[in-house]
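A.B. asks: Sequence:
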Amino acid sequence: MAGWRDRIDRTTNWAITVVAAMLSVSLSTPSAHHGVLLFAMLLVWLLLWIEARRYRFFDVYRARVRLMERHYFAEVFDRGATLHATWGRSLAEDLRAPRFRIGRRAAMSRRLRRNYIWMFLILLLAWVLKISSSKLQQSDRTDVLQSLDDVVANASLGPLPGWLVMALLAAFYLWLTWLSLSVGPKRGDDGDVHV
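First residue of the sequence shown: 1, per this note's numbering; consecutive thereafter.
Hints listed in this document are in silico derivations from the structure and should not be mistaken for laboratory results.
Be careful, since some hints might not be right.
[As the list claims (entries may be wrong)] The calculated label-pair distances, taken between Cβ atoms and stated as ranges, are:
#: 1; residue 1: G158; residue 2: W87; range: 55 to 61 Å
#: 2; residue 1: A170; residue 2: S31; range: 22 to 28 Å
#: 3; residue 1: A171; residue 2: D149; range: 18 to 24 Å
#: 4; residue 1: L125; residue 2: P159; range: 23 to 29 Å
#: 5; residue 1: L125; residue 2: A92; range: 46 to 52 Å
#: 6; residue 1: R66; residue 2: S182; range: 20 to 26 Å
#: 7; residue 1: S31; residue 2: P159; range: 16 to 22 Å
#: 8; residue 1: P161; residue 2: L91; range: 56 to 62 Å
#: 9; residue 1: V65; residue 2: P159; range: 48 to 54 Å
#: 10; residue 1: T86; residue 2: W163; range: 58 to 64 Å
#: 11; residue 1: L42; residue 2: P161; range: 15 to 21 Å
#: 12; residue 1: L42; residue 2: A85; range: 47 to 53 Å
#: 13; residue 1: W14; residue 2: P161; range: 28 to 34 Å
We put the CB at the ideal spot given by N, CA and C, even for glycine.
With the sequences and hints as input, model every part of the structure.
C.D. replies: Next up, the structure:
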């Protein structure tokens, strides 16, 4: 269990490192392009996808350990409890033919709610700051606030106009919001404690 937990934490640590590095690169100088932050969002999404895959494997082993805790160790400490006779059979079947207990979307939703949503929000706020502040743009302007037209123009990325970049980013964040709020069916056999 500790090994799988370490693998999940390692992916989260990589994502935090990516966010910190890209923030320092992007916000340190006006010549840094805002595309660095968009690239950071892409990298964090990739790490979320990898972590969701790892979490699905972790959940298989976590469920097995939880089955042992619930039906074996609990019985050792409370002899008066009723023992479910089929728990050993279900553990044996799971060991013979392992299967995932949660889907990829549910795993991504859990990891997004636990850790990644904050990283995505920090990157979004930094991106908005980068495209809306004249101090962080390579220009001769000294005013702090820019017009909406300037902000949209600053959001352009190569041949893509700024309004399209903003629309794609808004769609991505709407999808992230939907994903974080979509919760799969709750299994009542584990209680309220889960990672």
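A.B. asks: For this structure, which hints from the list above don't hold up?
C.D. replies: As far as the earlier hints go, not one is violated by this structure.
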